[in-house]
Amino acid sequence: MNYPESWPVAELQELGEWQTGSTPRRSNDEYWGGDILWVSPKDMKTDRIDQTQDRMTEKALEETNSKLIPPNSIVMVTRSGILEHSFPVAVTERPVTINQDLKAFIPGDRLDESYAYYYLRASEFDILRTCTKDGTTVASINSDSLYTYEMPIPPVGHQERIVAKIEELFSKLDSGVSELEESQGRFNLYKKAILNEALEGGFSEEFYQKEDVESGATIAEIEAPANAPELPSIWKWVPFDDVLSEPLRNGKSAKQSEEGIRTLTLSAVTERDFSKKNTKITEANPKDVEDLWLQSGDLLIERSNTEEYVGLPAVYRGDDDYAIYPDLMIRARLDDSLAIPEYADYVFLSPFFRNYLRGKSKGTSGSMAKINQKHLRNMPFPLAPLEEQEYIVKRLDYIMSVVDESQKSVGDELKRAQRLRQSILKQAFEGNIIPQEPTEKAPTMDAGNANLEPGKQVTLSEVTNDAE
Amino acid sequence: MPNEANQLVNKLWNFCDVLRDDGVSYGDYVEQLTYLLFLKMDEEMTEIGFQEESQVPDEYNWESLVAKDGEELESHYRATLQELGTQGGLLSVIFSKAQNRIQDPAKLRRLVLMIDDENWSGMEVDVKGEIYEGLLQKNAEDVKSGAGQYFTPRPLIKGIVEAVQPEPDQTICDPASGTGGFFLSAHDYITENHQLDKQQKEFLQHDVFKGWEIVDNTARLCVMNLYLHGINGKESPIIVDDSLRSDPGDRFDLILTNPPFGKKSSVTVMSTEGEAVKESLTYERDDFWATTSNKQLNFLQHVKTLLKIGGTAAVVVPDNVLFEGGAGETVRRKLLDQFDVHTMLRLPTGIFYAQGVKANVLFFDAKPAQADPWTDNLWIYDLRTNKHFTRKRDPLTFEDLTDFVDCYNPDNRHEREETERFKSYSYEELMERDKVNLDIFWLKDDSLEDIEDLPEPEVLAADITENLEAALDQFSQIQTDLMD
Chain L
1 MNYPESWPVA ELQELGEWQT GSTPRRSNDE YWGGDILWVS PKDMKTDRID
51 QTQDRMTEKA LEETNSKLIP PNSIVMVTRS GILEHSFPVA VTERPVTINQ
101 DLKAFIPGDR LDESYAYYYL RASEFDILRT CTKDGTTVAS INSDSLYTYE
151 MPIPPVGHQE RIVAKIEELF SKLDSGVSEL EESQGRFNLY KKAILNEALE
201 GGFSEEFYQK EDVESGATIA EIEAPANAPE LPSIWKWVPF DDVLSEPLRN
251 GKSAKQSEEG IRTLTLSAVT ERDFSKKNTK ITEANPKDVE DLWLQSGDLL
301 IERSNTEEYV GLPAVYRGDD DYAIYPDLMI RARLDDSLAI PEYADYVFLS
351 PFFRNYLRGK SKGTSGSMAK INQKHLRNMP FPLAPLEEQE YIVKRLDYIM
401 SVVDESQKSV GDELKRAQRL RQSILKQAFE GNIIPQEPTE KAPTMDAGNA
451 NLEPGKQVTL SEVTNDAE
Chain P
1 MPNEANQLVN KLWNFCDVLR DDGVSYGDYV EQLTYLLFLK MDEEMTEIGF
51 QEESQVPDEY NWESLVAKDG EELESHYRAT LQELGTQGGL LSVIFSKAQN
101 RIQDPAKLRR LVLMIDDENW SGMEVDVKGE IYEGLLQKNA EDVKSGAGQY
151 FTPRPLIKGI VEAVQPEPDQ TICDPASGTG GFFLSAHDYI TENHQLDKQQ
201 KEFLQHDVFK GWEIVDNTAR LCVMNLYLHG INGKESPIIV DDSLRSDPGD
251 RFDLILTNPP FGKKSSVTVM STEGEAVKES LTYERDDFWA TTSNKQLNFL
301 QHVKTLLKIG GTAAVVVPDN VLFEGGAGET VRRKLLDQFD VHTMLRLPTG
351 IFYAQGVKAN VLFFDAKPAQ ADPWTDNLWI YDLRTNKHFT RKRDPLTFED
401 LTDFVDCYNP DNRHEREETE RFKSYSYEEL MERDKVNLDI FWLKDDSLED
451 IEDLPEPEVL AADITENLEA ALDQFSQIQT DLMD
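So the protein sequences, as listed, match chains L and P. First residue of the first sequence: 1, per my numbering; consecutive thereafter. First residue of the second sequence: 1, per my numbering; consecutive thereafter.
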């Protein structure tokens with residue numbers, strides 16, 4: 001980083017005290033389950049340490065070489081696989097001890113601990129690049145490189161201003177990010193809500209303003225499923241079986257082989273992607289599977305999967321006879337005078353029918369949820385006039401495409417926000433965010449270590465008072 | 001609004017549509033009405049002896065306008081506006097930089113006669129006040145003029161006033177007056193709930209209210225609004241200035257305010273010489289706890305200075321005042337320590353004219369200095385979670401706020417009870433939160449939970465829009481901040 005020239009620079013070892021950690025003997029019950037926080041890498045997922053998974057006892061503190069580290073120290077992971085891509089750093093809010101994979105830095109007088117913390121975060125990638133040790137089994141940071149790592153030290157007042165500005169900007173950034181994350185969740189709900197609405201005839205009004213349609217289907221109506229949405233009067237509840245042009249059929253799975261028959265994998269439906277990557281070649285017997293070749297417009301439904309995925313549909317739109325489908329799918333071929341595959345697809349995707357089928361799948365044995373052909377045949381299907389089905393599909397295609405695109409750009413912005421965070425840190429330490437007050441003098445370095453005070457000593461009573 | 005008033009608003013408003021073809025905007029029109037109405041009423045009041053002597057020189061009075069026609073009327077009207085702007089006192093605020101926008105003399109004449117037809121002083125204060133408020137509201141709804149930024153929803157103001165219950169002998173301040181909504185509501189509350197003696201009446205008329213407004217035009221509308229409601233005197237109750245510039249030294253019993261929400265923290269304004277100058281962003285004030293470019297934090301600090309010991313403030317603040325780090329944290333800590341911050345109302349979205357605004361009302365009392373923190377418990381009322389308002393279809397009404405007022409328990413706010421929407425947080429609990437973040441919710445948000453009972457797609461779409469707008473707001477603030 002190119003920090004301002006007027007800022008003196010010092011090595012971290014000149015700016016405070018370093019401590020290393022250890023693990024009291026695990027097998028000694030008297031050492032564990034006490035009140036004293038003991039930080040290990042798994043506690044370092046936050047930027048402020050006020051609790052840990054493991055706690056040691058006062059006895060452990062007395063009898064082992066573990067030392068108490070005062071609040072407002074900086075702890076960092078120096079040995080862990082995580083160092084291959086990131087450098088976890090945190091500020092302690094309470095007295096803690098640390099394990100041997102961590103080091104603690106107790107800032108002296110001239111250093112604001114939050115300033116030091118943000119500086120280390122800003123330097124994350126530089127530290128990983130310059131201080132990591134080669135040739136060890138677990139990635140680790142070389143202590144000497146870390147102790148001599150340089151930090152610019154503007155006057156303490158200015159350090160505080162930099163921290164205040166970073167925190168102001170970060171709080172806005174956090175708020176912006178959480179709004180974006182919240183919107184991500186709501187986009188998913190929106191897609192569900194709009195599907196439900198479409199099946200309740202939510203688009204009917206606008207449709208019938210344009211078209212004058214009569215119910216063409218002569219199929220006998222059946223009773224609506226429990227808690228079903230109320231359909232427009234011109235629609236009918238019919239058994240799904242009645243809109244098929246041929247009986248439902250399960251697929252077939254066989255061993256993978258070099259040559260043979262292209263077969264879909266389950267992810268073709270889960271991901272709604274029928275490209276080659278979601279197929280494999282199997283040694284299925286061509287004679288057994290001659291009825292299983294896909295045709296454009298086939299609706300495939302997952303018959304067995306986790307509860308989350310069972311009953312999930314996808315429409316195949318590609319070359320005829322491109323592949324066959326596996327045993328875990330059921331194929332539905334629709335009578336094109338009655339139902340459009342894409343319409344049926346949306347029906348199966350809607351929360352109401354997802355729940356309906358999920359309900360049917362329960363109570364079967366094994367860890368996987370299963371539905372069978374009978375469940376599907378008897379499933380009441382909301383049959384809209386063909387022209388209206390077309391209209392609904394067109395409207396939903398449009399809405400879904402807009403939502404998907406928006407969701408994707410929100411995802412991109414979330415990534416960009418993380419970059420912005422790093423960029424703000426860098427700018428702050430390059431002196432670009434806050435101009436230094438001209439009246440303030442930078443601390444002189446002449447005195448060397450003389451004006452450094454080692455971190456405060458913490459007494460045991462302070463610790464126990466603090467712990468609930 | 002009474003029928004009579006309604007008809008008049010419609011009549012006046014219809015004429016505005018006529019003028020719009022000549023390029024006269026809603027804002028311009030309300031301004032012209034202000035000038036003419038003031039002159040007409042001034043004449044009436046002098047005639048009936050309500051005021052001994054008019055401040056308006058005879059040659060520029062209402063009669064002089066009615067007597068003229070054609071080009072002569074137009075040029076006389078122009079001269080009148082210019083002259084009255086230089087008279088000082090109330091006249092200056094109303095006529096400052098006033099210009100005629102109705103170029104067609106025939107139409108100007110029609111407007112003059114329309115106003116001349118009515119006996120305005122004879123009308124109940126409420127009626128003419130409501131007529132003017134009605135016009136202001138319509139003006140605020142005019143998206144193009146952007147006037148809505150200054151317009152606080154009236155039901156919200158009423159809810160706040162009902163909670164703090166102004167008393168006849170209290171002084172009341174709004175350092176960001178806008179068109180004077182808080183003053184009028186407090187005025188109504190006092191007259192409706194108290195039998196005032198002569199002295200109190202005079203006090204109410206002249207000395208209770210004091211406000212600041214930075215925008216000329218808005219100050220003008222405010223003064224006229226108050227004038228029509230019977231709050232008047234030779235001096236203007238509104239000072240046209242940036243109230244944050246300095247501590248005026250005045251202290252008040254009650255401060256009710258909704259400081260402007262800007263998307264940006266910096267504003268470029270035109271100087272009197274017509275050059276674009278950058279408004280000063282940070283205020284170096286000894287009485288402020290933290291120096292910041294965040295306008296709302298500055299207003300909050302200004303309000304705490306203006307508050308008399310024992311006085312109460314109700315300030316509308318956006319969410320970022322509750323969560324912002326740096327200066328925001330300093331201000332929150334000091335406020336909780338030195339003041340009794342007792343109540344926060346989390347406002348629903350969709351009630352302000354600006355889009356995506358997430359706001360709250362902070363209620364706090366000024367206390368004498370002491371070593372211990374003054375705030376014991378902050379009571380938070382959540383009027384936001386699972387509430388959906390839109391300005392047109394489901395506007396906020398006073399009924400939506402009555403439960404809050406009940407919970408606030410104005411008669412004895414030290415005796416309160418928790419409800420589903422009303423919860424108490426102790427000082428210690430607040431201090432333990434990272435950066436003393438007061439952005440607290442506890443209710444489950446139905447449109448975030450994946451439950452069987454899905455909200456309507458419209459509701460979800462509105463929520464998403466709000467998320468994105470709020471995110472946009474934060475990121476553009478960061479952007480402006482980094483550009484400065």
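Treat the hints with care, since some could be wrong.
Chain L residues, not near chain P, derived (Cβ > 12 Å throughout) [said to hold, decoys possible]:
| # | residue |
| --- | --- |
| 1 | W32 |
| 2 | E182 |
| 3 | I222 |
| 4 | P232 |
| 5 | E413 |
Here are the simulated lysine to aspartate or glutamate pairs, EDC-like style, with alpha carbons at most 20 Å apart [stated by the list, open to error]:
| # | chain 1 | residue 1 | chain 2 | residue 2 |
| --- | --- | --- | --- | --- |
| 6 | P | K387 | L | D397 |
| 7 | P | K334 | L | E167 |
| 8 | L | K165 | L | D241 |
Hints were generated in silico from the structure; no laboratory data involved. If you're wondering where the values come from, they're calculated on a predicted model, not measured in any experiment. Here a beta-carbon is modelled for each residue, glycine too, at the ideal position from N, C-alpha and C.
Okay, the hints, checked on the actual structure:
1. W32: holds, 27 Å
2. E182: violated, 5 Å
3. I222: Non-interface label stands for I222/L: nearest chain P Cβ at 23 Å, farther than 12 Å.
4. P232: With a cut-off of 12 Å, P232/L remains clear of chain P, as the shortest Cβ separation is near 17 Å.
5. E413: The claim breaks: E413/L does not keep its Cβ more than 12 Å from every Cβ of chain P (closest is about 8 Å).
6. K387/P / D397/L: violated, 30 Å
7. K334/P / E167/L: holds, 18 Å
8. K165/L / D241/L: violated, 65 Å
Checked against the numbered hints given earlier, this structure breaks hints 2, 5, 6 and 8; the rest are met.
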